[in-house]
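Asker: Sequence:
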Amino acid sequence: MLDAAPATETEVPEHEAALLEAAALAHAAMAPRPIPEEALPPEPRADRAKAFLRSMFRLAIERSHMRVALVGLVFVGVFGTISAKLLAMAIFGDPPSQEHRVAAASSTAFRPDIVDRNGEILATDIRTVSVFAEPGNIYDKDEAVELLTAVLPELNASELRAKLSSRKGRSGAGFVWVKRELTPKQQAEVHRLGIPGIGFLPDHKRVYPNGVAAAHILGATNLDGIGIAGIEKYIDSTGIQALNSFGLINKQADLKPVQLSIDLRAQFAVRDELAWGIDHFKAKAGASMILDVKTGEVIALVSMPDFDPNDPKDALSPDRINRMNVGVYEMGSTFKAMTLAMALESGKYNVNSTFDTRGGVLNWGRQKIHEYHGTNRVITMPEVFTHSSNIGSAKMALGVGVPGHKAFLRKMGLLDRLRTELPESAAPIVPSRWSEINTITIAFGHGIAVAPIQAAMAVGAIVNGGDLITPTFLKTTQDDAKAKAAHVLSAQTSEAMRYIMRLNATEGSAKKAAIPYYFVGGKTGTAEKVIGGRYIHNRLFTTFMAAAPMNDPKYLFVTIMDEPQGLPESGGYATAAWNSGVVTGKVIERVAPILGLPPQFEPPVRPFPQMVKLNAYHVNQLGGP
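Every letter in the sequence shown is one number past the one before it in the working numbering, and letter 246, counting from 1, is 246.
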């Protein structure tokens, strides 16, 4: 048996192999060549994004975690946005409309604190809320009215129903206030009602922690936080309201407190004594003030009946005016201080001049001028004051003349409206045709009516050395006050008047206010009230002005009383010495220690040196050696 031969490759003839190689080369040359990757045009961005998304949603298991993460992020974003919106709506309600924004702006105005000269709070803001309604979102108006008036009984149901029945406007559901400045308890009760369309806005309430104290000075604000009287109205005139409207005040701490000249301790004391006086002397009304004659600062001012600025509607009553600032009255014999100062300043008279008052009557045409405390003799200038002589005062004024009289009173600020920080003021009532008879009656305080604070300013200039300083309710310094003052009297005239006023406290009508150790001087004034164009004999307006200490006056004390009655203790008299004088003395006695006015246990040494040189009437009885 023969073995099989091993398999071998088929041998190709050499010429055939050459033919096959040539054919392969030709085929390769004819086939298209691949383009290099760097030579390809860039793929469009949109196509690449689509390709990426397609690759994300292919079912390749290795890409599933990327799809899950992306879907999770989308769901978190969507539901997070919805949750935040729902939470905001639950807490804050719907986005504020234009009406809401206007209401919020008006209800959140910031006001500065008002403090007294020692930093005690007189007025401040507290945070509160106000409740509003959107009539378009309240479906059962009657039920809403019933529920709201049940928890807020002070609301008028008819008015509230009319508000809630207002039609929906273009701007949305509408907006009306239901009640401003709720207490926390009221807010909680309204909130529990759960009435759709009822909401709250943050607000500020102006409060006056001392109640009626300084009410006529502070004034009040309305529900929108706008000052409507007194210092509150003055504050708005300084630009606070404009700053609030432009949103430039973010918190109350941004505002510097307004510091007044008022001393709260003295304010309470003066009100107590005035209230006692009005009740004791059965007067219709009264007012009292303390003026720093060196700075013009009003230290205390009370007018009664007064009101509580926390409930300012009482201020609308006609009998609650500020009688010191707004009322104008004939000031009676207190005007004799002006007449004597004018006579001395004119140079036509001196402290030793004499006046004949014999007969007790001055006839001037058809007019007869009578004395109230007639002496029926020739008297000196100081005696004209201490005996309150109408005839002596009239003769002095006539000696100066009508033009000189008018010019002097104008210089003393008594013929023009007095302007202070308080917007409330009154113009004086002066004769339209000023003749000699007008000069005669005005010389003793009749025929001209001024605001008591105006007369106090003039008397302050008489006793402080001759500087006319406009009264101010803001704390100031003596240097600043003097820089703004007008010098209206000589130092010698001022000393003479201080001596005469002190003499009146020791020998004349000011004895009731001559509190020991305070070297007080002053003047009474009693005027019959003019009703229906006629003077009524038994209806009096009384005034008392006193300064202390008269050797170097610091404070002027003023009291006025409207129709006080005579008492058995006064012998039935209702003139100023028996009522306004008594009250002024009690005020000095109580307030002087508070104000740091030191008592003088020994008489001051030579308090009136110029009067000593002139050997004035009884001058040696008024001081130490």
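These are computed hints drawn from the structure, not numbers from a lab. Owing to the predicted nature of the structure, the values given are computational and were not obtained by experimental measurement. One or more of the hints may lead you astray.
The list that follows gives simulated cross-link-like pairs (lysine-lysine, DSS-like), each with its CA atoms no further than 30 Å apart [stated by the list, open to error]:
| # | residue 1 | residue 2 |
| --- | --- | --- |
| 1 | 511 | 529 |
| 2 | 179 | 163 |
| 3 | 294 | 511 |
| 4 | 482 | 282 |
| 5 | 482 | 411 |
| 6 | 256 | 348 |
| 7 | 284 | 348 |
| 8 | 475 | 294 |
| 9 | 163 | 313 |
| 10 | 282 | 233 |
| 11 | 256 | 294 |
| 12 | 368 | 406 |
| 13 | 294 | 163 |
| 14 | 141 | 294 |
| 15 | 482 | 233 |
| 16 | 205 | 284 |
| 17 | 284 | 256 |
| 18 | 205 | 179 |
| 19 | 313 | 411 |
| 20 | 233 | 475 |
| 21 | 233 | 294 |
| 22 | 256 | 282 |
| 23 | 406 | 294 |
| 24 | 284 | 313 |
| 25 | 484 | 284 |
| 26 | 484 | 406 |
| 27 | 406 | 554 |
Asker: All the hints need checking, so say for each whether the structure fits it.
Answerer: Do the hints match the structure? See the list:
1. Restraint check: the Cα-Cα separation between residue 511 and residue 529 comes to about 25 Å, which is no more than 30 Å; the hinted pair holds.
2. Distance hint between residue 179 and residue 163 is fulfilled; the C-alpha atoms sit about 12 Å from each other, no more than 30 Å.
3. With a C-alpha separation of about 25 Å, the suggested pair residue 294 and residue 511 falls inside the 30 Å cut-off, and the hint holds.
4. For the proposed pair residue 482 and residue 282, the alpha carbon gap of about 41 Å is over 30 Å, so the pair is violated.
5. Simply put, residue 482 and residue 411 have alpha-carbon atoms about 17 Å apart, close enough for the 30 Å limit, and the pair holds.
6. Straight-line distance between C-alpha atoms of residue 256 and residue 348 comes to about 52 Å, which puts the hinted pair past the 30 Å bound.
7. Under the criterion of a C-alpha separation no larger than 30 Å, the hint pairing residue 284 with residue 348 is inconsistent with the structure, at around 42 Å.
8. A C-alpha spacing of about 12 Å is found between residue 475 and residue 294, which places the hinted pair at or below 30 Å, so the restraint holds.
9. About 23 Å separates the Cα atoms of residue 163 and residue 313, which keeps this hinted pair within 30 Å; it holds.
10. The suggested pairing of residue 282 with residue 233 is violated, with an alpha-carbon distance near 34 Å, which exceeds 30 Å.
11. As the CA atoms of residue 256 and residue 294 are separated by approximately 26 Å, the hinted pair is consistent with the 30 Å bound.
12. Note on residue 368 and residue 406: the hinted pairing holds, with a Cα-Cα distance of about 22 Å set against a maximum of 30 Å.
13. Proximity of residue 294 to residue 163 is assessed by CA-CA distance (about 56 Å); at most 30 Å being required, the pair is judged violated.
14. Taken as a hint, the residue 141 and residue 294 pair is broken in the structure, with Cα atoms around 64 Å apart against an allowance of 30 Å.
15. The straight-line distance between the Cα atoms of residue 482 and residue 233 is roughly 27 Å, inside the 30 Å bound, and the hint therefore holds.
16. About 34 Å separates the Cα atoms of residue 205 and residue 284, which puts this hinted pair outside 30 Å; it is violated.
17. At roughly 40 Å between alpha-carbon atoms, residue 284 and residue 256 are farther apart than 30 Å, so this suggested pair is violated.
18. With a C-alpha separation of about 13 Å, the suggested pair residue 205 and residue 179 falls inside the 30 Å cut-off, and the hint holds.
19. Distance restraint check for residue 313 and residue 411: the Cα-Cα separation of roughly 39 Å exceeds the 30 Å cut-off, and the hinted pair is therefore not satisfied.
20. For a cut-off of 30 Å, the pair hint linking residue 233 to residue 475 stands: about 18 Å separates their Cα positions.
21. Distance hint between residue 233 and residue 294 is fulfilled; the C-alpha atoms sit about 27 Å from each other, no more than 30 Å.
22. For the proposed pair residue 256 and residue 282, the alpha carbon gap of about 43 Å is over 30 Å, so the pair is violated.
23. For the hint linking residue 406 to residue 294, the alpha-carbon distance of about 26 Å falls within 30 Å, and the restraint holds.
24. A threshold of 30 Å between alpha carbons decides the hint, and for residue 284 with residue 313 the separation of about 21 Å falls inside it, so the pair holds.
25. Under the criterion of a C-alpha separation no larger than 30 Å, the hint pairing residue 484 with residue 284 is inconsistent with the structure, at around 38 Å.
26. Between residue 484 and residue 406 the CA atoms are separated by roughly 23 Å; this keeps the pair inside 30 Å, and the hint holds.
27. For the proposed pair residue 406 and residue 554, the alpha carbon gap of about 29 Å is at most 30 Å, so the pair holds.
Taken one by one, the earlier hints fail for this structure at numbers 4, 6, 7, 10, 13, 14, 16, 17, 19, 22, 25, listed in ascending order.
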